[in-house]
Amino acid sequence: MAISELPTSVETAAPRRRTAWQQFKRVARRQPLGVAGGAIVILMILMAIFADVIAPYDPTAMNYSAFTAPPGTEFWLGTDQMGRDVFSRIVHGARTAVFVGFVASIVGAGIGLVLGVGSAYFGGKIDLVFQRVMDIFMSFPLIIMALAMVAIFGTGVDKVIVAITIPFIPRCARVVRSTALSVREMPYVDAARSIGYSHTRIILRHMVPNVMAPFLIMITAFVGQAILLEASLSYLGLGVQEPTPAWGLMLQGGAELYAESAPWVAIFPGLAITLAVFGFNLFGDAVRDMLDPKLRSQ
Amino acid sequence: MHQYIIKRILMMIPTLFGAAVLVFFLMRAIPGDVCELRLAGTGATFDPDALRICQQELGLNEPIFLQFFSWIGGFFVGDFGTSMWTNQPIVSEISLRFQVSMQIALMATLVSIVISIPMGIISAVKRNTWVDYCVRGFSIAGIAMPSFWLGILIILGLLVGSQALYGEPWMPPINYVPIWVDPAENLAMLIWPALATGYRYSAVATRMTRSAMLEVLREDYVRTARAKGLVESVIVNRHALKNALLPVVTVIGIEFAFLMGGLVVTEQVFNLNGLGKLFVESVSNHDYTMTQALVMLVALIFVLTNFVVDLFYAWLDPRIRYS
Amino acid sequence: AETPKKGGVLKFVVPAEPPSFDGHRETTFALVHPIAPFYSLLVKQNPQNSMDPTDIICDLCTEMPKPTDGGKTYTFKLRKGVTFEDGAPLTAADVKATYDKIIFPPADISSARKAYFVMVESVETPDDETVVFKLKYPSSAFIPALAMPFNFIYDDAKLAQDMHWYEKNILGSGPFQKAERQAGAFIKGTANPNYYEKGKPYLDGFEAIFAKKESLRVQAIRGDRAAIEFRGFPPQSRDDLVKALGKDITVQESDWNCVLLITPNHRKKPFDDVRVRRALTLAVDRWGGSQYLSKIAIVKTVGGIVFPGHPLAANKEELQQLAGYWPDLAKSRAEAKRLLKEAGIPEGFKFVLNNRAVDQPYKIVGTWLIDQWKQIGLAVEQQVQPTGPFYDTLRKKQDFDVSIDFNCQSVVNPLLDVSKFISEDTSGSQYGGYTNREVDELFNAMNQTDDQAAQREKMRRMEKIVLDEEALGFITMWWYRIIPHRSYVKGWNVSPSHYLNQQLADVWLDQ
Amino acid sequence: MDEKRLIEVEDLRIHFPLEDRTVKAVDGVSWHIDRGETLAVVGESGSGKSVTAMGLMRLTDNAGGRIPSGRINFRKPDGKVIDIVKQTPEQMRSIRGNDISMIFQEPMTSLNPVFTVGFQIAEAIMLHQGKSEDEALKQALEMLKLVRIPEPEKQLQQYPHQLSGGMRQRVMIAMALSCRPSLLIADEPTTALDVTIQAQILDLIKMLQNEIGMSVMFITHDMGVVAEVADRVVVMLRGKKVEEGPAEQIFKSPQHPYTRALLDAVPRLGSMRGHKLPMKFANVDVKRAEGEEIKEGAGETEVELEIKDTVRRDAPPLLSVKGLTTRFDIRAGVFGRTTGRIHAVENISFDLQPGETLAMVGESGCGKSTTGRSIIRLVEPTRGSVVFEGKEVVGLSASEMRPLRRDMQMIFQDPFASLNPRMTAGAAIAEPMVVHGLARGKEAEDRVIELLRRVGLDEEHASRYPHEFSGGQRQRLCIARALGLNPKLIIADEAVSALDVSIQAQVINLMMELQEELGLAYLFISHDMAVVERIAHRVAVMYLGEIVEIGPRQAVFEDPQHPYTRKLMAAVPIADPTKRKTELRLMTDEIPSPLKPAGYEPPARHYREVSPGHFVQEITATAVAAE
Ligand SMILES: Nc1ncnc2c1ncn2[C@@H]1O[C@H](COP(=O)(O)OP(=O)(O)OP(=O)(O)O)[C@@H](O)[C@H]1O
Ligand SMILES: Nc1ncnc2c1ncn2[C@@H]1O[C@H](COP(=O)(O)OP(=O)(O)OP(=O)(O)O)[C@@H](O)[C@H]1O
Ligand SMILES: [Mg+2]
Ligand SMILES: [Mg+2]
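Residue numbers (my numbering), protein chains in the order written: chain H, 133 to 430; chain U, 60 to 382; chain A, 250 to 760; chain V, 81 to 707.
These are computed hints drawn from the structure, not numbers from a lab. Wrong hints could be hidden among the right ones.
Unchecked claim - Restraint ranges, calculated between C-beta atoms of paired labels, are given here: (1) H/Gln155 with U/Gly216: 40 to 48 Å; (2) V/Glu530 with H/Val185: 26 to 34 Å; (3) U/Asp108 with A/Asp521: 27 to 35 Å; (4) A/Gln410 with U/Pro122: 26 to 34 Å.
What the hints assert, rightly or not - Below 20 Å or equal to it, Euclidean Cα-Cα: the simulated EDC-like pairs (lysine to aspartate or glutamate) are: (5) H/Lys291 with A/Asp650; (6) U/Lys66 with H/Asp259; (7) A/Lys449 with A/Glu719; (8) U/Lys185 with V/Asp141; (9) A/Lys599 with H/Asp190; (10) A/Lys437 with U/Glu244; (11) V/Lys402 with V/Asp389; (12) A/Lys645 with U/Asp138; (13) H/Lys257 with V/Glu460; (14) H/Lys157 with V/Asp100; (15) A/Lys623 with H/Asp190; (16) A/Lys599 with H/Asp290; (17) A/Lys645 with U/Glu121; (18) A/Lys586 with A/Asp650; (19) H/Lys291 with A/Glu416; (20) U/Lys66 with V/Asp409; (21) A/Lys713 with A/Asp608; (22) U/Lys185 with H/Asp290; (23) V/Lys332 with V/Asp302; (24) A/Lys492 with U/Glu227; (25) A/Lys321 with A/Asp699; (26) A/Lys345 with A/Glu416; (27) A/Lys437 with U/Asp241; (28) A/Lys590 with A/Asp648; (29) V/Lys166 with V/Glu222; (30) A/Lys645 with U/Asp106; (31) A/Lys518 with A/Glu719; (32) H/Lys257 with V/Asp409; (33) A/Lys713 with A/Asp534; (34) V/Lys84 with V/Asp409; (35) A/Lys461 with U/Glu340; (36) A/Lys496 with U/Glu227; (37) A/Lys623 with H/Asp184; (38) H/Lys291 with A/Glu630; (39) A/Lys417 with U/Asp241; (40) A/Lys417 with U/Glu116.
Where is the CB? At the ideal position from N, CA and C, for every residue including glycine.
Start from the sequences and build out the full structure, keeping to the hints where you can.
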């Protein structure tokens, strides 16, 4: 038993109540990277919510007199090859990214959670079959799966979300399953069974809440991956479509062509993706460190 | 042990079969077919008979289950079919691409190992110091950067940089030469994508090394090693690392399997004639037979890699070796 | 002119790999670029005068024939002493076998361009050096069809052995031989020492390197990994290359025999309403768009249904009479809005523009169109599909609202090329789903005469119906071909089609 | 420093600075150990024993610990006295494993799984004595012989997972002693082991101590072990030393109230001699005992409480188990053929009357838990019948089983793990009632409060989460949860084994009170003979899945018949230094494995009734041969 799990009889005083600020400082000291990541994440979410207010221009309005205008006071980050304001497009692109990222990861991880826990709980043949099915999906190249999905369902934000979500399911289910396997061995599950609870109740009330840690870790990791995957699909021309502002799309065609003569067209959306994924990953790592009791104590 | 091996090999069969079913029906769910694409795809006027004949030639109008079983049946007699797009035997179409992908996967994995293991160890040992933060920042940046973006920047950087330095723009070759024919040319082409991808994939392995090390360093036997009076470097490199390597090996193995078919974007950016590029082309060409063969190949690589990883695991871990 | 130098290997990049090697079966330029140098044709577009779409000259024949029998018989005399790569002599039988395969293929052989030869009744060979084509009716579409770069002359012995032989093998009588292919990577050829034009080819060989990414192809030329790409680059790449390499880059440009169309789905409300369709075309600022878009996309020239460089094409004055080409944009848009209102289309009406997942120029033009339609109060979304599903939507599903479509031909042959606009049941490539017998009649009448003036008049009428009165489908803009290449590549002249002029016999390297 | 002294700790403090507070794990402790002496450090969980020990080797440095003040004077073999607190890390490394070495509680995890045992022993030898690997391995072999490991040559090549717990602990000892240290720190070296193995290890340490002549610091919470090994004792409480003295004195006349409470709570084997009924523990209110302000002698009412007889012998048996057998298939090979079976429970029969406590004792792996789990159908019995309240349980479907589950409840060993960490105490207690439709809404809430009071907790505890409770409180919660359904039978699987002695005594008292009040029957599963003696009406001794002896507690404990029962009782350390065993028995035998080839059927067993209700398994020739 890890020392940290023992109640300490040494400290007798009840833990001090901390103000939110103190609490924040505490977390910041422990997880400076995580806080930085969190800040980026929050910034992105704010950008997504208030895109209309923040963006100085209509992200789809073409300005025929300002093709690839360099950054300046008029266009902060310049304009793209169609005379659209890059900054406004990045701000609105955050909306697409956040939307795709969250929906895909929450839905994908959510389904994976239920499948993974169910499989672990029932065990035996069900689990065996389930594992093989997951194997199949895992052995299937992710990008190819997404490619085929898009080819079947077509392009557009909703389709892209489906395409990204499906490969997430087995990945989450696997991780959750392995945790759930150990949870299943916990006496409280035995206790629940001995009291005579139904399978659904045991899975949903007693097991699911206890595999939240890997689940949350998966979700935060997936958001970053989803953003990247969406960008890759859009880059391959199979993702979100013009004129919807999306980062990967901004890098497609335009970016490569103008990478030298109008680098802002390529640099800023790339930076936006990098920063966003960077932020979500840092944040995810911090979440993992905080949720994983093995890593929590020194 | 050998029973374990046989069991593992038998376990691959359902996975491969499942992948076969999946890809077969997935491909056919995509609207359009190879003939339509071949004839209509260039926008020219064409003869409707030509379409019918083409479909007939490729057996596309036969009942779908018949198509499936004749394809699967082919595997058992070693007949992998011909590509619907090029009409060439699939084996000859794939072999070169396989070679390219294999080399790039090996090189990238090597780069990734060289980067990730030392960095992961340092990061774990110096946990929560600025060294740790730098390593983590560096490695996460690797995952965060879109690979195509990184690729564009690399090529452009090389072109612009070389022109600025030598007056002549230089870029990596775009034509693959096997390493035994011209090692310099071969490496000049592959080193950049290998570095880019290796760096990218090192991020995952670095994180895994770090967290595995952190976990292992907390183990009782590390305390035992300390109590023996061992030097810290011996404790880390001998007692902790060998245990921490287990999950890292898994991650690297999965990564390797992934690299064999998943480098879609990077291969395009560097014009590598690998499996990933072929994959995308065959999907967009509706080349069913080729996509199917590729998926089977990649799935096979995946299960084989997992198998090798498991064997390696067993080799590293006596608890598995002797069970 | 400079004297050509001998020697050297021309490296060029090709955006895609050819599916098979059989020109008769395939339709893509990706086949022409690497494969055409291995074959000779009966007649071809004049490589020296490549900008004139009507200048068709002999390749294997000795003299362009004058039609006899009221324009119904064409007799070609063949060069002597031409041999295939394997040494077999090339005779009239080979030409006949080739054209029989193209025009009258056996039931199990697919010939992509059969439809271009509807006027041909038979191919005959009175002797080893003579080939006679008999037509059903006189047609000025015949010679251009004959000159199509896909009509490689094959060896009749090989065809007799296996009609599919040429799908997997390359064996011709062209300037290059000894084809070497590396799957997915390149196709190489070596100069044919026995080529019938003495002294040619100048090159020792060529290497066609496949590279899918456009930016990579541009960079390959910049880094001198390749000297040229024959399809066409966007304007920005031309500027970048010129800026980076200065004199080392030569740019050749031309109008392009490819056009992006807009096809409203006549089967679907409200696009069955001519007012709505007219409004859609009236909203588009073609003259302005020509200026803006030509800076960022490979489109430029404003034109009607005929390739702008052709004698049958409408001149500017004629064009400005058509809906969507009016010089007064404001008036045009006001009319569009009025029509929409009249048709009961509300402000902010939403529909989906179906587009193909190709950047240049599809998506750029699509995005531009959406912006144009926004000006008359339409909220258009873009749905982009990979080529396969895209054509499936057009051909099978037919559930789109409005779609981009395109028409891209090799030899400029407007009489046949406008078959894109005839009724659904006869066209085979008209996806709007309409039937208009007047258009069909005009089309047939044009094709069955060789009187140019009459043709031109009928063409104007057809254009007016298609683009204006009935607004059956619209032209956006004609493409514009920009070929920036290494200056050391000489003897290659740009032509209005990326299919044409690719035998490379006249190309030499100034190195 | 006195010549005799080996090590002297003065006012030692070891603190762990956390970001918002500092844990003062050791807070001003002084003591010493003489050469050749054994000092036992006792105290409850978290009292700072381990930290002190790690501090002596400065291993706390690696765990984030600081030593703000104090001295640890240590006499090196060459006679020089050094202050360990002031040593550099390099100097410390030459002391660790060489002059001071340590064995830990968990033999299972303290050895590195990927190196051979031989290498791990040799490593320290190579390091400190500069020997070559061959020489070191030779010496390692000597060490293995020294710790009496059977077949030492073979074991040298083995990996830790191939050894049993007892063997691993021997290897640890071999490793620790390989450089002949002058001080051995043993941090609860036997806590994780069975009593018989524990006895072996204790004897081994004592013997080696004599051979090598080293001093031992022995950390334990088991007063029995203390009595067995210690020359002197230090009692720790919350990082402080509360008492120190020679072992006999501590046991005979403990000075500090805490020590006294501790000793009172220790169940002593044999203390029930002459009593027929179970008895509660006296003076277990540690809360009071801990308060140092309490005046000497206050509140110590010596009420040895024999509880009233709750067994209803006349009633039909509540639970009747006949021929219960549970086997686990071991599958192996390509097609998962059953290659062997673990005979976890083999042909067990017994009856349980309402209000009775039947204790099942036996060593780890003998099938106690499986018996309990089979009865409640958490695992499917292979055969046999379980009749509960006249109803056959085996073969019922899940829904038929549900109403029965209300009447039989289970409490598990690990109170930390048997409560869902994401549910409040109130919710956890209310849930079974709600699910079984016994109570709902306000009614359930009231019932929860009542139950909390019942087990000695407060209303306000209802909204807390499990981690906000101490171990004893958690076990009370589990009991409350079980009580919510008004069960007639509670199966308590090692319900008190994980608790500190004082807490353990409280919980046992609670269980007995509940039995008195509610007439509960208990199937009390435990490996601790002394606890069992306290609580049980009847006792069943299990060995390799079978009951070898069963009967009234008094009969079994005072007149053990089966040799295994006797061996078990002999191995239990007695918490009385005056009764210390003098002769050292260096047994090395281990429990044989319950794994049998597929198709194996054990021979039929016969029981002999030695006194009314006291049955002993006949030891037949075939049975012996079969083992
Ligand atoms: N690394 C650490 N960081 C913070 N607190 C610690 C650390 N190690 C120990 N402690 C605290 O120090 C106190 C004493 O712990 P210690 O392990 O010495 O107890 P113990 O007496 O050995 O208990 P047990 O009988 O459970 O082993 C406990 O409150 C524990 O939580
Ligand atoms: N689910 C299972 N599958 C296979 N073997 C099992 C299973 N459960 C228990 N066993 C085996 O059955 C035997 C009896 O186990 P059981 O848990 O009943 O012992 P126990 O007496 O409770 O031991 P402990 O005191 O360690 O809890 C052991 O050898 C154990 O390994
Ligand atoms: Mg301890
Ligand atoms: Mg047990």
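* Hints violated by the structure (listed by number, smallest first) -> Violated: hints 2, 7, 11, 12, 19, 21, 22, 28, 29, 34, 39.
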